[in-house]
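Visitor: Chain residues, written in single-letter form:
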Amino acid sequence: MDVKLVNPFIDAFTAIMPQIGFQDVKRNKMIVKERSIESLGVTVLVGFTKNIKGNVAYNMSESTAKFIASTMMMGMPVENFDDMAQSAISELSNMITANAATNLATLGYDADISTPSLSIGKAFVVKISGESYLSVEMDAGGHLIEIAIAVH
Amino acid sequence: MKKFSVLVVDDSRVSRAMMAGILANTNFEICEYAKNSMEAVEKYSALRPDIVTMDMNLPDANGIECSRRIFSINPSARIIMISAMKDASLIMQGRDVGICSFLQKPVNANELIEVMKVVCQKNNSSAIALQDSYVKPFVKVLQKNLFSLVGLHSKVHTEIDESEFLEVDGIAVIIGLTGHPLGRAILHMDADTMRKFARGIIGLQPDEELADEDISDSVEEAANIIVGRGVSMINDVLKDKEMRITPPGTICGHQIRIANAKLLSFNITAKTNWGDFKLNIGFAEGE
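Here the protein sequences come in this chain order: A and B.
Residue numbering for the first sequence follows the numbering used here, starting at 1 and increasing by one per position.
Residue numbering for the second sequence follows the numbering used here, starting at 1 and increasing by one per position.
Next up, chain A with everything else stripped away, as it sits in the complex (with noise of 0.2 Å):
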């Protein structure tokens, strides 16, 4: 897979995580891997297609997925990860794939996105590529998340 087409991916990370109140974002480590994704807890799963198809998979752990939903939602106390702190992450990896999919479109690949599904689960795994994928790790503001992406 060629890692140009991570770029539009972390671009609109970093983009759009300071716009609901995580100012520190950075990326840490980006690798190829070429088994399936283990679930940290949440993993909300966004496929798109046009000239471009593929699949994008943000995980993080539940206690993160607590604190961005409380984040977004003016620091209101999340408690459990109920459905309206659910809603508010599937919203954010829509944001997210959605700006990614206009970075792609600068680079000449149209991309439509599909809504997206979060999982949660305490041990399942998730699988985005008959081959290999890349795993990038992001960092908001001390909270990880994991970005990964299969072009098919």
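These aren't lab readings, by the way, just hints derived from the structure by calculation.
If you're wondering where the values come from, they're calculated on a predicted model, not measured in any experiment.
Ideal Cβ positions, reconstructed from N, Cα and C, are used throughout, including at glycine.
Any given hint could be a false lead.
[What the hints assert, rightly or not] For the chain B half of the interface with chain A, some residues (derived, Cβ under 10 Å), not all of them:
| # | residue |
| --- | --- |
| 1 | Ala172 |
| 2 | Ile174 |
| 3 | Leu177 |
| 4 | Leu182 |
| 5 | Gly183 |
| 6 | Leu210 |
| 7 | Glu213 |
| 8 | His254 |
| 9 | Gln255 |
| 10 | Ala259 |
| 11 | Lys262 |
| 12 | Leu263 |
| 13 | Asn267 |
| 14 | Lys271 |
| 15 | Gly282 |
| 16 | Phe283 |
[What the hints assert, rightly or not] Looking from chain B toward chain A, a few residues come up when the C-beta cut is under 8 Å (computed):
| # | residue |
| --- | --- |
| 17 | Asn110 |
| 18 | His180 |
| 19 | Arg184 |
| 20 | Thr246 |
| 21 | Ala284 |
[As the list claims (entries may be wrong)] Estimated spans, in silico, between C-beta atoms of each pair:
| # | chain 1 | residue 1 | chain 2 | residue 2 | range |
| --- | --- | --- | --- | --- | --- |
| 22 | A | Asp24 | B | Gln255 | 27 to 37 Å |
| 23 | B | Glu242 | A | Val3 | 24 to 34 Å |
| 24 | B | His153 | A | Met84 | 18 to 28 Å |
| 25 | A | Glu79 | B | Ala191 | 40 to 50 Å |
| 26 | B | Arg95 | A | Asn7 | 36 to 46 Å |
| 27 | A | Gly130 | B | Gly203 | 39 to 49 Å |
| 28 | B | Phe147 | A | Ala15 | 27 to 37 Å |
| 29 | A | Ala123 | B | Glu162 | 43 to 53 Å |
| 30 | B | Glu221 | A | Ala123 | 17 to 27 Å |
| 31 | A | Glu79 | B | Asp96 | 45 to 55 Å |
Fit chain B to the known structure of chain A by using the hints.
Guide: The following block gives chain B in isolation, referenced to the frame of chain A:
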């Protein structure tokens, strides 16, 4: 259980008798028949049935005109159009007057009862319209492809999914739907069904080992075929809607919950000897 009253509008005695045969011993009771448009309007206003089945060709007016008159009496009337012809222009004309469900003659008994159930389940015109145009093709392809892929016969039923979560214990293949409407399709099943299906599709003998990666690949491929064909059927009928599918994403594990928030979704379950194959089709609201 509550019985629903049905007014059958059809000028053919044979069609009326067939309808009576289909609806015998169900929760749907034919309260009256009408053989032309004038009778239909009179009987509708006198009886206010829960559902009207409407033939397209009536001696004094067509079914669309007759439906328009019924909607002027009750704008939330539930009318199911049944005609020999079912083409896009007829569906468009029908939609314009407010008809949400369309079936083709000869009516398949299960299909009619399922459409009637959904029509009564929720007086939600967008759910009915989605079910009719976008869910029914998936019902057909699920049943057909379980048979063509692994020779499985199935009994299929559809319901509106009103749960907050889709509970998965086994495997779920998620395929995004882009274009109009926007949504997603999820084929899921328990671990035992998944193994039987994978063995069947690969054609393994009882003594042959099943590799782990073959299991998810098999279900993924089947989901791709089923959802892809469903979308092709939709695109063939509704030529102005170009729906596309995203590559599959596959989730495996125990006690996984996939959130259903903000989606209007339907559960299609195919019951087979190997277990239940479940296809959940969800559409973003407002589409």
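Visitor: Using the nearest Cβ pair, does Asn267 of chain B come within less than 10 Å of chain A?
Guide: 15 Å, violated
Visitor: Return the status of the interface hint for Leu182 of chain B: holds when the least beta-carbon distance to chain A is below 10 Å, violated otherwise.
Guide: 6 Å, holds
Visitor: If you take the shortest Cβ to Cβ gap from Leu177 of chain B to chain A, is it below 10 Å?
Guide: Given a least distance of 6 Å, the restraint on Leu177 of chain B holds.
Visitor: Would you check whether Gly183 of chain B satisfies its interface hint, that is, whether its CB is within less than 10 Å of any CB in chain A?
Guide: 6 Å, holds
Visitor: Holds or violated: is the Cβ of Leu210 of chain B closer than 10 Å to a Cβ in chain A?
Guide: 17 Å, violated
Visitor: Hint Asn110 of chain B vs chain A: min CB-CB distance below 8 Å?
Guide: 29 Å, violated
Visitor: If you take the shortest Cβ to Cβ gap from Ala284 of chain B to chain A, is it below 8 Å?
Guide: 5 Å, holds
Visitor: Just to be careful: measuring from the Cβ of Gln255 of chain B to every Cβ in chain A, is the smallest value less than 10 Å?
Guide: This hint holds: Gln255 of chain B lies near chain A, its Cβ roughly 6 Å from the closest one there, short of 10 Å.
Visitor: Mind checking the CB of Arg184 of chain B against every CB in chain A and telling me if the closest is under 8 Å?
Guide: 5 Å, holds
Visitor: Given the hint of 18 to 28 Å, check if His153 of chain B and Met84 of chain A actually sit that far apart at their C-beta atoms.
Guide: Violated, at about 43 Å.
Visitor: State, for the Cβ atoms of Glu242 of chain B and Val3 of chain A, whether the hinted interval 24 to 34 Å holds or is violated.
Guide: This hint holds: roughly 31 Å between Cβ atoms.
Visitor: May I ask you to test the interface hint for Ala172 of chain B with respect to chain A, counting a Cβ-Cβ separation under 10 Å as satisfied?
Guide: 8 Å, holds
Checked against the numbered hints above, the structure breaks hints 6, 13, 14, 17, 18, 24, 25, 27, 28, 29 and satisfies the rest.
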